[in-house]
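Participant: Sequence:
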Amino acid sequence: MIEFMMFSAVCLAIFVLAKNLGAQAQTRSLKPIRIETEEEKRRKQLAKKQQASRHYKD
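Numbered by numbering that gives the first Met the number 0, the letters in the sequence shown go through residues 0 to 57 in order.
Just so you know, these hints were derived from the structure itself, not from any lab. As the structure is a prediction and not an experimental result, all values here were calculated from the model. Don't take each hint at face value.
Across the chosen pairs, the derived CB separations fall in these ranges [unchecked claim]:
(1) GLU2 <-> LYS40: 51 to 61 Å
(2) PHE14 <-> LYS40: 49 to 59 Å
(3) VAL15 <-> THR36: 27 to 37 Å
(4) LEU16 <-> GLN49: 43 to 53 Å
(5) MET0 <-> GLY21: 25 to 35 Å
(6) ILE13 <-> ALA51: 38 to 48 Å
(7) SER7 <-> LYS43: 43 to 53 Å
(8) GLY21 <-> ARG53: 45 to 55 Å
(9) LEU11 <-> GLU38: 56 to 66 Å
(10) PHE6 <-> ALA46: 57 to 67 Å
Even glycine gets a Cβ: it sits at the ideal position worked out from N, Cα and C.
Build the full structure now, drawing on both the sequences and the hints.
Facilitator: Printed below as a string of structure tokens:
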């Protein structure tokens, strides 16, 4: 019985560590994508402002 409890505790610890490592890897891979989307949002806003200013000039 004690051996089973030790085995289950080790498996749980490995599972938790693997889950944490997986979450860290996902956030690291998502960071550059997030920066690109922010830059794209800025570009879209600038384009909208430029189109609006052109529209008012005409």
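Participant: Now tell me if each hint is right for this structure.
Facilitator: Each hint, compared with the structure:
Range check, GLU2 to LYS40: Cβ separation about 56 Å, and the 51 to 61 Å hint holds. At roughly 38 Å, the beta carbons of PHE14 and LYS40 sit outside the given window of 49 to 59 Å. Between VAL15 and THR36, the C-beta spacing of about 31 Å keeps the proposed range 27 to 37 Å intact. A C-beta distance of roughly 50 Å is found between LEU16 and GLN49, which places it inside the suggested range of 43 to 53 Å.
Range check, MET0 to GLY21: Cβ separation about 32 Å, and the 25 to 35 Å hint holds. A hinted range of 38 to 48 Å is violated for the C-beta pair ILE13 and ALA51, which are about 56 Å apart. For the pair SER7 and LYS43, the beta carbons lie near 52 Å from each other, so the given range of 43 to 53 Å is met. Taking 45 to 55 Å as the suggested C-beta distance range, the pair GLY21 and ARG53 conforms, at roughly 48 Å.
Look at LEU11 against GLU38: about 42 Å separates their beta carbons, and that is not inside 56 to 66 Å. A C-beta distance of roughly 60 Å is found between PHE6 and ALA46, which places it inside the suggested range of 57 to 67 Å.
The structure fails to meet hints 2, 6, 9 from the earlier list, while all remaining hints are met.
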